[in-house]
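*Asks:* Sequence:
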Amino acid sequence: MPDVRFGVLGPVTAWSGADPVPVGSDKCRQVLGLLLLHANRSVERDEIIEGAWGGRPPKSAVNLVQKYVGDLRRSLHLDNGALQTVGTGYLLRVTPDQLDSAQFASGLARARETRTDGDLVTARQRFVDAVSLWRGPAFSGIDTPAAETERARLDEYRFGALEDLAELDLLRGEHALALPELSRLAAEHPYRERVRELLMIALYRSGRQADALAVFHDVQRMLADELGANPGPGLQRVHAQILRGDAALDSAAGAREADSRPISQLPADIPDFTGRAEPLSHLVGLLAERRVAVIAGAPGTGKSTLAVRALYEARDAFPDGQLYLDLAGTSEVPRDPAMMLAELLRALGVTDATMPSGTHERAALYRSRLTDRRMLVLLDDAAGAHQVRPLLPPSGGCAVVVTSRHRMADLTGAEHVELDALTAEDARELLARIAGPERIAQEPETAEAIVRLCGYLPLAIRITGAKLAGRRAWTLQVLRDRLEDESRRLRELRVGDLDVRANYDLSLRLLPDEAVRAFRLLGLLGAETLPAWVIGPLLGRADTDDVLDVLVDAYLVRLVDTDGAGQPRYRLHDLLRAYAAEGAQESYSDEERRAAVERVLSAWLALAEQARDLFYPSLFQPTPGRSPRWQPDHRVLDPVAWFDAERGTLLRAVQLAADWGLDELAWEIVIASVPYYDHRSLYQDWTRSHHIALEVTRAAGNTHGEAALLQGLGQVGIYLDEMNDARRNLHRCLALYRAIGDRRGTGLALASIGTVHRVLGEQNDALRVDYEAIGHLAAVGHGQAEAQVRTAIGLIRFEQGDLEAGTWVEEGLQIARRLGDRHRQAVILRTLSRLQQGTADTNAALRSLTEALTIFNEINDERCAAYTEQRLGAVYAKLGDTARAGSALERAAHVFRLNGDRTNEAACWHELGEVEAVRGETEAARRHLGLALALWEAIGPPERAEEAKKALDQL
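According to my numbering, the residues represented by the sequence shown are 609 to 1563, in order.
If you are wondering where the hints come from, they were derived from the structure by calculation, not from laboratory data. Keep in mind it's a predicted model, so treat the numbers as computed, not measured. Some clues are possibly wrong.
[As the list claims (entries may be wrong)] Taking CB as the label site, the calculated pair distances span:
{"hint": "1", "residue 1": "E1046", "residue 2": "E1094", "range": "27 to 33 Å"}
{"hint": "2", "residue 1": "E1545", "residue 2": "E886", "range": "30 to 36 Å"}
{"hint": "3", "residue 1": "E756", "residue 2": "A876", "range": "27 to 33 Å"}
{"hint": "4", "residue 1": "P1176", "residue 2": "D1267", "range": "23 to 29 Å"}
{"hint": "5", "residue 1": "T703", "residue 2": "G836", "range": "45 to 51 Å"}
{"hint": "6", "residue 1": "D1169", "residue 2": "D1267", "range": "26 to 32 Å"}
{"hint": "7", "residue 1": "D634", "residue 2": "G836", "range": "41 to 47 Å"}
{"hint": "8", "residue 1": "D1121", "residue 2": "A1150", "range": "15 to 21 Å"}
{"hint": "9", "residue 1": "L1487", "residue 2": "E1545", "range": "26 to 32 Å"}
{"hint": "10", "residue 1": "T703", "residue 2": "Q1193", "range": "40 to 46 Å"}
{"hint": "11", "residue 1": "E897", "residue 2": "S872", "range": "40 to 46 Å"}
{"hint": "12", "residue 1": "D687", "residue 2": "A946", "range": "30 to 36 Å"}
[Stated by the list, open to error] Below, computed lysine-lysine pairings styled on DSS-like, alpha-carbon distance capped at 25 Å:
{"hint": "13", "residue 1": "K667", "residue 2": "K635"}
{"hint": "14", "residue 1": "K1486", "residue 2": "K1557"}
{"hint": "15", "residue 1": "K1486", "residue 2": "K1558"}
{"hint": "16", "residue 1": "K635", "residue 2": "K675"}
For each residue, glycine too, the CB sits at the ideal point set by N, CA and C.
Working from the sequences, and respecting the hints, build out all of it.
*Replies:* If you want it as structure tokens, here you go:
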């Protein structure tokens, strides 16, 4: 089937070539119409259901929509690229030549261009061709607010085309041809003064002077009776010309008389305008298409500056001039649309004596005045769509730019251009243009620091540039030093009537009290991106999506992205954060701010524990502390993804707890994160978080928290082969736990000390503390740790020659199985394989390792799986199965590299090189032994490096 074309200028339909294509049932046609109404944009399924069934959809509406979309794909031969499913909605891709409304708009533009060029014959034919595309009311049968708006917009285009066509006939002297159509148009749209003017001229040229004058008196009476207004200057001018028999009316050129001077109300352009190339180009393109564009963004991002620059670049295509209004949307009382309409009408020649009294009447007259004009309109600082709608000109010849600090999703048909901070390069260039390029060139690094401290915000950079320009004796370092102090930064960002803080005050003025409170308290949480749920604990209540929406729509909080756990993440611009924190300190007591921070940290703790509990049971989980838990409106589903997303935020939360002296929350958040740090081998985060919390717990005399943190530091010391530090921390931990009588903690500390002894070859000392540890762990019911310690005892005793040592490991395995702890089972199975191999039961060792590897893969523990692959590689190598040994060792080495475990990575490369040497793969063996040698030389011990070097020499 040839490419399908769509028709919306009448009942919704489709064609293939010249032939109509059956669309299906009425409901199917409505679904197609709704997709075409939002062509090339995603339409949510709920919006389609509302449009097709109104407020009474059937229970099967979702299934029916899916069916209708499927029917459309089949009947119109739309593959997934043309009609896509996007989330819970659908997107229909349509090119301009596939849609009759787009063809109409482009045909109309070509007709007007041709008329301007003077080819009236071709222009008329193009007008006729464009108008002939209409088959009835646009989107007929689609009854939604969006369809009504689009129908009205397209109808304005159609009517303007009909007026242009009639005027063209008058220009060509074909008044008899224009007369019937003008009479019909005047009857259908009695308020369109342009039509009345053209009709009077056509009647006058047809020798019907009395009828022409009657048209004027009819419209004069109607305007006076219904609107309390007089006919506009154009009608009055034609009336006067008819009364005096002006010869100009007898010529084609007299059909319309242009104003002698276009209106020009634009503010002055900004000579140092910098950057914004992409949004400026986009905006100028929208103006060329006669669109309504909304420039939205946070305070100080340069919305008005961009708007003025774009209108200056586009103004040559709008010969009738430019209108400008300051809507004062950020003032305490935004301007009334009725008063602003009066201001616009005065600029368009309407006197106060003839000014209509009502908003709707003024809006109608305003649109009438602009119907046949090509003008630019700038509506600056809008409070919202409600303020803008009455000020929009009719579609066709005019274009509009609106600036606002609020999103205007409810301004139908508008295209949004959102502004953020400048790029670093554009920010430096703007500073150089204001302060002088030579000063920036002398101190480039300091200049970079200044624009960074300004958050790359145009307003802040203008202020700092103006300060530098007015203080030629200053070095840039002087200003940088003053800006470095965040507590005084906003005070520095003020010069003359430019003031960042005052600019921000305007945005807060009209916000609801709860949104202001949430914004200010957000400033206390630091520079990290934050998930949406933090608003709840900040305010101390649930269901705060509406508050966040207000802040996002006001551009005070920015949606950054969606993290790997599926959470949208938000952030305050650095200057806004400083402003918010300053406002919180001025507006709320220390107790109020502390309580808000404590609630947020309690929520972090609750979620971290949720995530922790979705991991395998941790050996490092001490006796819980006394912190409160706040349950936010969020549930963790994937613990690794959640911790990955919140990794930086949790470190910031620990620091925040320390800053506020919330020692109990600090150590409990840290300990809840340990299973994740262990899983990801994040030893730096592990160590850093523990030291931050340790400082505040010690300062508070919090023995329990200090002991738990020392246990964690001891464990990470074991992982990093820092045995002296590990031993010192663990012995201090043990003393603290014994002092407070915490047997669970005592048992865990003893078990870790046993590990240190075992690694250092102090086997008898290891057995001594492990036996003591079992007594404590069994007494408190910590089965996972007991199982692990029993396994450790079994391994030590086996190495000492005890042939019955395996019973200890079997007992540990039974405990893990009884608890359903699959991770612990796999760890013990891996240990058991060493005993089995030591007793020459290689097959049993392979079975244990295979079972362990299966479990680790099923629970997605890649690091423990790598340890198991390393053991399998060693077993296969001893069996002479070099192919399997090589595969297992290579897989393990790559995982160790990703996790930063250089010791085990080196061991794998070393053993793999030896396996390859046995296989005769000399080049591969040399490569892998070389990798091992480099790692052993970097991390030690020296004897391992010597072994690798010797193996290489033998090759």
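*Asks:* Now, for every hint given, state plainly whether the structure supports it.
*Replies:* Against the structure, the hints:
Between E1046 and E1094 the CB atoms are about 30 Å apart, so this pair conforms to the stated range of 27 to 33 Å. At about 51 Å, the beta-carbon gap between E1545 and E886 misses the expected band of 30 to 36 Å. Take E756 and A876: their Cβ atoms lie about 40 Å apart, and the range 27 to 33 Å is violated. Range check, P1176 to D1267: about 27 Å between beta-carbon atoms, so the 23 to 29 Å window is met.
Under the hint 45 to 51 Å, the C-beta atoms of T703 and G836, about 49 Å apart, fit the expected range. Separation of D1169 from D1267 is about 27 Å and conforms to the stated range, judged on CB atoms against 26 to 32 Å. Roughly 45 Å separates the CB atoms of D634 and G836, a value that falls within the hinted 41 to 47 Å. Distance hint check: the CB atoms of D1121 and A1150 are about 18 Å apart, consistent with the given range 15 to 21 Å.
A beta carbon spacing of about 31 Å between L1487 and E1545 agrees with the range 26 to 32 Å that was offered as a hint. Distance hint check: the CB atoms of T703 and Q1193 are about 56 Å apart, inconsistent with the given range 40 to 46 Å. Checked against the hint of 40 to 46 Å, the C-beta distance between E897 and S872 comes to roughly 22 Å, which is inconsistent with it. At about 52 Å, the beta-carbon gap between D687 and A946 misses the expected band of 30 to 36 Å.
Under the criterion of a C-alpha separation no larger than 25 Å, the hint pairing K667 with K635 is consistent with the structure, at around 15 Å. Note on K1486 and K1557: the hinted pairing holds, with a Cα-Cα distance of about 22 Å set against a maximum of 25 Å. A hinted pair counts as satisfied when its Cα atoms are at most 25 Å apart, and K1486 with K1558 qualifies at roughly 20 Å. Taken as a hint, the K635 and K675 pair is honoured in the structure, with Cα atoms around 11 Å apart against an allowance of 25 Å.
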